[in-house]
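Please model the entire structure based on the sequences and the hints provided.
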Amino acid sequence: MTITTSDTELLRQMRSGGADAFAALYRRHQGPLYRFALLRCGSADTAADVVQETFMGLLTERFRFDPLRGQLQHFLFGVARNLILKNETAHQRHVVLSGPDDEDGDAGAEPPDDAACPLGRLLDNEAAEEVRRALALLAPHYRDAVILYEMHELSYAEIADVCQVDIGTVRSRLSRGRAALAKRLAGWRAMAGAA
Amino acid sequence: MDTRKTTNRDPLFDALRAEVGRLDTPRGVERELLQAFARQHPARRRWYHGLTGRGWALAAGVSGLAAGALVLAFALHTPDTDGDRAGALAARDDSGLFIALDSAERIAAEPAPRMVAADVPRASLAALGVPLTPENAGDSVRAEMLVAADGQPLALRLSAIQ
Chain Z
3 MTITTSDTEL LRQMRSGGAD AFAALYRRHQ GPLYRFALLR CGSADTAADV VQETFMGLLT
63 ERFRFDPLRG QLQHFLFGVA RNLILKNETA HQRHVVLSGP DDEDGDAGAE PPDDAACPLG
123 RLLDNEAAEE VRRALALLAP HYRDAVILYE MHELSYAEIA DVCQVDIGTV RSRLSRGRAA
183 LAKRLAGWRA MAGAA
Chain E
110 MDTRKTTNRD PLFDALRAEV GRLDTPRGVE RELLQAFARQ HPARRRWYHG LTGRGWALAA
170 GVSGLAAGAL VLAFALHTPD TDGDRAGALA ARDDSGLFIA LDSAERIAAE PAPRMVAADV
230 PRASLAALGV PLTPENAGDS VRAEMLVAAD GQPLALRLSA IQ
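These protein sequences, in sequence, are chains Z and E.
Each residue of the first sequence is one higher than the one before, starting from 3 at the first, in this note's numbering.
Each residue of the second sequence is one higher than the one before, starting from 110 at the first, in this note's numbering.
Keep in mind that the hints were calculated from the coordinates and are not lab data.
For each residue, glycine too, the CB sits at the ideal point set by N, CA and C.
Incorrect hints may have been included.
Stated by the list, open to error - Which bits of chain Z does chain E cover? Going by a derived footprint, with three or more residues having C-beta under 8 Å, they are: (1) 7-15; (2) 31-43; (3) 57-69; (4) 79-90; (5) 127-140.
Stated by the list, open to error - Some chain E residues judged to face chain Z by a derived CB distance under 8 Å, without partners named: (6) ASP119; (7) PRO135; (8) ALA145.
Stated by the list, open to error - Simulated coverage check for chain Z against chain E, where a stretch passes if three residues somewhere in it have a Cβ under 8 Å from a Cβ of chain E: (9) 46-54; (10) 179-191.
As C-alpha cells, then:
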C-alpha cells in the first residue's frame, strides 16, 4: 500500500532542509505546472523558466504558501500565472494587440511567444496542434480560464482563486473563450470534416 | 455558485489533452533546483568535516597515542588487580601456594580451620588448570586441603601429582 505524504507535510520537511521532500513536491507538481505554462505562454523554454522560477520562489519563500488558503497546486498555478503576466508585460512595449474576442473590458491580449514569432509547431498531432494554436490566439485572461478548466479540471471557484477574480468573471471568460475557439476552429473543422 | 469539478469537458480538447499530457518540464530544471536547494540548505557540518588531510593525520596520531596510553595503563594496572584477586583466591605459606575454594572473608572468618591430606581426582582439578589428558584422566593428585570445622573445603594446595 502506498501512502502519499501530503503537500503540507512535504513543505514542512522541505523547510527543515529535506531535499527529498523538495524533490517529491517538484515531481508531483511540475507536470501540470509546465503544461499550464506551455499552453499559456506558447513557448517550451519560457514554460520551463516559469516552472523553475515558481519552485525557486517556493524554495526561497519569496512565494509563501498558506495551507489554510487552498491547495498547493492552485497556489503554484497562481504564481506561474503571475510570472507569465509579468513576462508578458515586459514584452508589451514591443507588441500590443487586442484580440477581437476581448469583450469583457480587460486588458488587451498579449499574443503568446510563438504567435509573436511565426507559429512554431509544438505538437505532433495535427488536431492537438490546431487547438493549441487557436488557444494561443485567445486573449490571455480567456486562455487562463479555458486551460485551467479544460486541461486541468479546476472548478470555477478554483479558477477564480488562481486568477484572483470572482466566479461570475470566470464563467463569462470561459464562455467567451470557448466561443472564440469554436469560431477560430470552424474553418479547420470544416476542412478536416471534408477530408 | 458553481464550484463543481469539470465532468463534461469539451471533446474539442481531447487530442490536445492526450498530446500535452505526455509533456514534462525538461530534466535540467530539476537538477538546477536541487542544486539551489543544496546551496540554500547546506549539510550541517560537524567539527570533523573541517579537518584537512594534515588535520586527520594529526587526529589519527593523537588517537593512536591515547589508545596506546590506555592499553599501557590497563597493562600496568592488571597485575595489581590480579594480585588483589590472588589475595582473595590464593595465599602462600612456606610450603607453597593455596588455591582458595571459598571467599577470602569466609576463610578468614573460619575459627578453626584444619589441614587434611587427600588424593583428589585429576579430572576434578582440570578447572583449576591442572593438565588433563586421556591417559592421566583417571589419576589422582596428592593435595593438602584447608577444611572448615564443619568439613567444608576452604582451600587446596597441590603437593604432588601422582
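Exercise for the section: Report the numbers of all earlier hints that the structure fails to satisfy, in ascending order. Expected result: Violated: hints 1 and 4.
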